[in-house]
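Protein chains: 2
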Amino acid sequence: MIKEPIIQRIDLTIPSASLEDTASDWERVQRAVCTLLPDRPLDPTLAALREVGPALRHGDWQVRVTLAETGNTWRAVSIKPGFDTSPLYGLAIDLGTTTIVADLVNVETGQVIVSQLAYNAQRDFGIDVTSRMIYAEKPDGLAMLRHAAVKTINELIAELCTKARLEHRFIQAAVVAGNTVMQHLLLGLDPSSIRREPYVPAATAFPVLDAVAVGIDISEGAPLYLFPAASGYVGGDVTAGLLATRIAEEEPLSILIDIGTNGETVLGNREFLLACSGSAGSAFEGCGLEWGMAAQPGAIDRLRFEDGRLIFHTVGDEAPRGICGSGLIEALGAFLQSGLINRSGKVNLDLPGAHSRAGHPEIVLVPADETAVERDITLRQGDIENLIRDKAALYAGSRILLANAGLTFDDVERIFIAGNFGQSLEIEQAVRIGLLPDIPRERIKFIGNSSLNGARDALLSCVAWQRAQEIASSITCLELTVEPRYFEEYTAALFLPHTDQTLFPSLK
Amino acid sequence: MIKEPIIQRIDLTIPSASLEDTASDWERVQRAVCTLLPDRPLDPTLAALREVGPALRHGDWQVRVTLAETGNTWRAVSIKPGFDTSPLYGLAIDLGTTTIVADLVNVETGQVIVSQLAYNAQRDFGIDVTSRMIYAEKPDGLAMLRHAAVKTINELIAELCTKARLEHRFIQAAVVAGNTVMQHLLLGLDPSSIRREPYVPAATAFPVLDAVAVGIDISEGAPLYLFPAASGYVGGDVTAGLLATRIAEEEPLSILIDIGTNGETVLGNREFLLACSGSAGSAFEGCGLEWGMAAQPGAIDRLRFEDGRLIFHTVGDEAPRGICGSGLIEALGAFLQSGLINRSGKVNLDLPGAHSRAGHPEIVLVPADETAVERDITLRQGDIENLIRDKAALYAGSRILLANAGLTFDDVERIFIAGNFGQSLEIEQAVRIGLLPDIPRERIKFIGNSSLNGARDALLSCVAWQRAQEIASSITCLELTVEPRYFEEYTAALFLPHTDQTLFPSLK
Numbered sequence: 129m130i131k132e133p134i135i136q137r138i139d140l141t142i143p144s145a146s147l148e149d150t151a152s153d154w155e156r157v158q159r160a161v162c163t164l165l166p167d168r169p170l171d172p173t174l175a176a177l178r179e180v181g182p183a184l185r186h187g188d189w190q191v192r193v194t195l196a197e198t199g200n201t202w203r204a205v206s207i208k209p210g211f212d213t214s215p216l217y218g219l220a221i222d223l224g225t226t227t228i229v230a231d232l233v234n235v236e237t238g239q240v241i242v243s244q245l246a247y248n249a250q251r252d253f254g255i256d257v258t259s260r261m262i263y264a265e266k267p268d269g270l271a272m273l274r275h276a277a278v279k280t281i282n283e284l285i286a287e288l289c290t291k292a293r294l295e296h297r298f299i300q301a302a303v304v305a306g307n308t309v310m311q312h313l314l315l316g317l318d319p320s321s322i323r324r325e326p327y328v329p330a331a332t333a334f335p336v337l338d339a340v341a342v343g344i345d346i347s348e349g350a351p352l353y354l355f356p357a358a359s360g361y362v363g364g365d366v367t368a369g370l371l372a373t374r375i376a377e378e379e380p381l382s383i384l385i386d387i388g389t390n391g392e393t394v395l396g397n398r399e400f401l402l403a404c405s406g407s408a409g410s411a412f413e414g415c416g417l418e419w420g421m422a423a424q425p426g427a428i429d430r431l432r433f434e435d436g437r438l439i440f441h442t443v444g445d446e447a448p449r450g451i452c453g454s455g456l457i458e459a460l461g462a463f464l465q466s467g468l469i470n471r472s473g474k475v476n477l478d479l480p481g482a483h484s485r486a487g488h489p490e491i492v493l494v495p496a497d498e499t500a501v502e503r504d505i506t507l508r509q510g511d512i513e514n515l516i517r518d519k520a521a522l523y524a525g526s527r528i529l530l531a532n533a534g535l536t537f538d539d540v541e542r543i544f545i546a547g548n549f550g551q552s553l554e555i556e557q558a559v560r561i562g563l564l565p566d567i568p569r570e571r572i573k574f575i576g577n578s579s580l581n582g583a584r585d586a587l588l589s590c591v592a593w594q595r596a597q598e599i600a601s602s603i604t605c606l607e608l609t610v611e612p613r614y615f616e617e618y619t620a621a622l623f624l625p626h627t628d629q630t631l632f633p634s635l636k
Numbered sequence: 129m130i131k132e133p134i135i136q137r138i139d140l141t142i143p144s145a146s147l148e149d150t151a152s153d154w155e156r157v158q159r160a161v162c163t164l165l166p167d168r169p170l171d172p173t174l175a176a177l178r179e180v181g182p183a184l185r186h187g188d189w190q191v192r193v194t195l196a197e198t199g200n201t202w203r204a205v206s207i208k209p210g211f212d213t214s215p216l217y218g219l220a221i222d223l224g225t226t227t228i229v230a231d232l233v234n235v236e237t238g239q240v241i242v243s244q245l246a247y248n249a250q251r252d253f254g255i256d257v258t259s260r261m262i263y264a265e266k267p268d269g270l271a272m273l274r275h276a277a278v279k280t281i282n283e284l285i286a287e288l289c290t291k292a293r294l295e296h297r298f299i300q301a302a303v304v305a306g307n308t309v310m311q312h313l314l315l316g317l318d319p320s321s322i323r324r325e326p327y328v329p330a331a332t333a334f335p336v337l338d339a340v341a342v343g344i345d346i347s348e349g350a351p352l353y354l355f356p357a358a359s360g361y362v363g364g365d366v367t368a369g370l371l372a373t374r375i376a377e378e379e380p381l382s383i384l385i386d387i388g389t390n391g392e393t394v395l396g397n398r399e400f401l402l403a404c405s406g407s408a409g410s411a412f413e414g415c416g417l418e419w420g421m422a423a424q425p426g427a428i429d430r431l432r433f434e435d436g437r438l439i440f441h442t443v444g445d446e447a448p449r450g451i452c453g454s455g456l457i458e459a460l461g462a463f464l465q466s467g468l469i470n471r472s473g474k475v476n477l478d479l480p481g482a483h484s485r486a487g488h489p490e491i492v493l494v495p496a497d498e499t500a501v502e503r504d505i506t507l508r509q510g511d512i513e514n515l516i517r518d519k520a521a522l523y524a525g526s527r528i529l530l531a532n533a534g535l536t537f538d539d540v541e542r543i544f545i546a547g548n549f550g551q552s553l554e555i556e557q558a559v560r561i562g563l564l565p566d567i568p569r570e571r572i573k574f575i576g577n578s579s580l581n582g583a584r585d586a587l588l589s590c591v592a593w594q595r596a597q598e599i600a601s602s603i604t605c606l607e608l609t610v611e612p613r614y615f616e617e618y619t620a621a622l623f624l625p626h627t628d629q630t631l632f633p634s635l636k
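Residue numbers (the working numbering), protein chains in the order written: chain A, 129 to 636; chain B, 129 to 636.
Because the hints were derived from the structure by calculation, they are not lab data. Positions of the beta carbon are idealized from the N, C-alpha and C atoms, including for glycine. Errors might be hidden in some of the hints.
Unchecked claim - DSSO-like cross-link-like pairs, simulated, lysine-lysine; straight-line CA separation at most 30 Å:
1. A:K208 x B:K266
2. A:K208 x A:K474
3. A:K208 x A:K291
4. B:K279 x A:K266
5. A:K266 x A:K279
6. A:K279 x B:K279
7. B:K291 x B:K279
8. B:K208 x B:K291
9. A:K291 x A:K279
Unchecked claim - Only some residues are given here: those of chain B computed to face chain A with a beta carbon under 8 Å:
10. P143
11. L147
12. W154
13. C162
14. L165
15. L170
16. R185
17. D268
18. A271
19. M272
20. A276
21. L315
22. V328
23. E607
Work out the full structure, taking the sequences as your base and the hints as a guide.
Now the structure itself:
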């Protein structure tokens, strides 16, 4: 793809006004832009109209015009004097149910200046998309959720700006990828129809909005791009993931599994895209687990059994505060290997490290005195069951997609696992617990936050952004709740790795 | 012109969503609209996206969609349930330097529900466009002027809504016609270049904006249309006046004189349009006169000499509070007839009604005990000189336009005088003082607020709105300050009716 960012600057020398040519400042700029870019009409934002006069005169009729891609037109976002040498910044935002991550990007160099994660303040109103949708139906619920998302994003922006020593007004675009419910809540769109058959959202494609009008505290007139979704449960984050992985551009049959709060899976290649969502995966994001957390400093991101004891690694090598997705997958694998849990996930209280507290079995990951929180960091029996349910849902989702396409895991050439993980992960353990199928390990790739990666790709390429629209509209969505074999597949997968061990021949 | 208002409603029955057709709410509406109106793409406002889901479900898949004209696209402004029977309201606004007038219009019937006038709160920062432009260059000056205009408009809207017993959210569009400086200040555009050679504004044409984003308190997502201007001194109010008078559509050679604070004059017909602005006319709007006021209740709008005394009429037949434009023209004529002033405008202190106060000659229009203000309402020598200067400037402007076109007043088939007058006016007096040329009186028409009329025309017809764009770009502007003969013409007209009495043969 040609690397023309979604916002671009052009430097123009404008013929100065005279009594012989008294066209307005904006008309002069418009003429100059349209000579260079005659393909589409040019519309000004109010912010650009406010800037044009002073920019022309302070810049001695040399100006830098920032243009935004909007599909059918160019939008003049800002007009600065020609000597303005400030970099052109944009935001790529992964608007997650649990966490929101923002990259501050120099869109002209492609460099990520700084990246920042925060928990979505909407968590106070419900842990997953369903509980948020229920909350949105309360009086003022939608407004409160909207404000919580906007507040979290603005706090992230403030931190990014502080770290980069930057004023907000230098950020001239934002690209947001989130699941359909999160995107609805950010915009204040009623999501209530998404949770009722036939699960239809208010919108799947969005016009290029005005970031400030949505409440996002960046430059006046800056465009806000929201990734197009395929359905109420296959959202903009999936579209962004497909964009980032290039699954929809290439020949190899691939699966993308996004272990986010929503647990979406897509099967396909450049010929077709088949997707489902299982409302699964949130346990692997740490949701609902006492010690679950994002892959932030202090999160256990690696864990293995060695010489009868658990060896762990944390993000930033800090004293542990909790455990993130990659740590959870490795923990389950290590427990199974060591016999601390059996194939049903039951904790074996006879082994050291396992004990019962208030009648609930649990396994100690790190004793209190080695943590930053001065309490034992543990996985409880209930946590383990949550994780098994989620891995079963994810595995069953892939199986249903494959069955619908008349394919099997053997046909799959690449599996991309996206999620809020640490730097790396022992793929063997993900297969051992049956989260991933027993295929050649080199076909499996953990790719981190593919939603964020896709948002960044779109920010840096208007061709990529246009491609995202095509990808979203070419996805066929399966509704698992009405798939007759789904429940059967799910139940069969509630075992480590699976009730049908012939599906995992290499694990014998 | 076809009477399709600038915002229109269409009633749609939308196929309900099902598991077989899970297109989003907005996509379904879009499909239905695009089937009916396939000529242009349809873009939603954020407000419409927020409404679409509830509207479809409350309306049982029957909706009323309000669409706004934007030139290249349709903009979906709001989506209501099909049973919504509230009228569709819009605002036509004349954004004057001295006064702002707003009509609340039912755009489907064309009926003006109520009309309201208020003094522009920007008056606190300067009486005319030049002083406002100077103020705009002070720190925060532009923001203060912008807020003052927005505040005045919002107060007008509040009064209109109270009178019509209406909520603001039922007003779904606003069309504003004002001079170039006023439109700049409303939007917060820097007007400083307008007052410096070559007198170029930031913009003459404006995109269809979001009224709420500009600060105007009407329905979320409602479009704001600003009339296109021809130059820094020939503004959207003139374009609106041309639209209202149909000068640019018809064959007869016409002159439009807008006796507003800015005093613009246009000569032309459907073949050509030549315009100038004299920064003249504000005295006839009452500006700078102790007792000047708008044509509001209590304003003396008619005045004549009968049996040795002045007979007056006021707007609303209330006790007098001041004098408006039509009253001022008639007063000058009556003074000249009665000898209270001579042809230079000098007050004759020997006649009853004239006296000197603190060394300044003045003529009493209404003695204190007959007024609502318990003071003599007078015209002072200085007021009279102001009026003569303004009438001279207006007359000289027309002469220069005619000379540039190689024409004379004899070629002019219609003169339209627009201004903030009462119901009617003695045309003879306007000729007597030389404000108007000595042509057959039936060719002269006082048309009231042509800027407001044009704004209303555009609100009620998108064809008229499109026509306004063409009109504005076809106007040729003359800059009087660089016209060599202007000063000469002006000086010659500083007499009642004129130094060259052969120009006024009928007055002998």
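A quick look at each hint next to the structure:
Between K208 (chain A) and K266 (chain B), the direct Cα distance comes to roughly 21 Å. Compliance with the 30 Å bound is thereby established for this hinted pair. For the hint linking K208 (chain A) to K474 (chain A), the alpha-carbon distance of about 64 Å lies beyond 30 Å, and the restraint is violated. Proximity of K208 (chain A) to K291 (chain A) is assessed by CA-CA distance (about 24 Å); at most 30 Å being required, the pair is judged to hold. Straight-line distance between C-alpha atoms of K279 (chain B) and K266 (chain A) comes to about 34 Å, which puts the hinted pair past the 30 Å bound.
Annotation: proposed proximity of K266 (chain A) to K279 (chain A) holds, straight-line Cα distance about 20 Å (limit 30 Å). For the hint pairing K279 (chain A) with K279 (chain B), the CA-to-CA distance comes to about 29 Å; that is within 30 Å, so the pair holds. For the proposed pair K291 (chain B) and K279 (chain B), the alpha carbon gap of about 18 Å is at most 30 Å, so the pair holds. For the suggested pair K208 (chain B) and K291 (chain B), the alpha carbons sit about 25 Å apart, so the restraint of at most 30 Å is met.
For the hint pairing K291 (chain A) with K279 (chain A), the CA-to-CA distance comes to about 18 Å; that is within 30 Å, so the pair holds. The interface hint given for P143 (chain B) is broken, as the beta carbon of that residue sits about 12 Å from the closest beta carbon of chain A, more than 8 Å. The beta carbon of L147 (chain B) comes within 5 Å of a beta carbon in chain A, closer than 8 Å, and the hint placing it at the interface holds. The criterion of a C-beta within 8 Å of any C-beta in chain A is met by W154 (chain B), whose closest approach is roughly 4 Å, and the hint holds.
Annotation: interface hint on C162 (chain B) violated; nearest CB of chain A at approximately 14 Å, more than 8 Å. The restraint placing L165 (chain B) at the interface with chain A is violated, with a minimum CB-CB distance near 16 Å, outside the 8 Å limit. Against a cut-off of 8 Å between C-beta atoms, the interface hint on L170 (chain B) is violated, since the closest Cβ of chain A lies about 10 Å away. Evaluation of the R185 (chain B) hint against chain A yields a held restraint, the C-beta minimum of about 7 Å falling below 8 Å.
With a least beta-carbon distance of about 14 Å to chain A, the hint placing D268 (chain B) at the interface is violated under the 8 Å criterion. Checking A271 (chain B) against chain A: minimum C-beta separation of about 11 Å lies over 8 Å; hint violated. Annotation: interface hint on M272 (chain B) violated; nearest CB of chain A at approximately 15 Å, more than 8 Å. At its closest, the beta carbon of A276 (chain B) sits 17 Å from a beta carbon of chain A; the interface hint therefore is violated under the 8 Å criterion.
For L315 (chain B), the suggested interface contact is upheld, since its CB lies about 6 Å from the closest CB of chain A, less than 8 Å. Here the hint on V328 (chain B) is kept, as its CB sits about 4 Å from the closest CB of chain A, short of 8 Å. Proximity of E607 (chain B) to chain A holds as hinted, the smallest CB-CB distance being about 6 Å (cut-off 8 Å).
Checked against the numbered hints above, the structure violates hints 2, 4, 10, 13, 14, 15, 17, 18, 19, 20; every other hint is satisfied.
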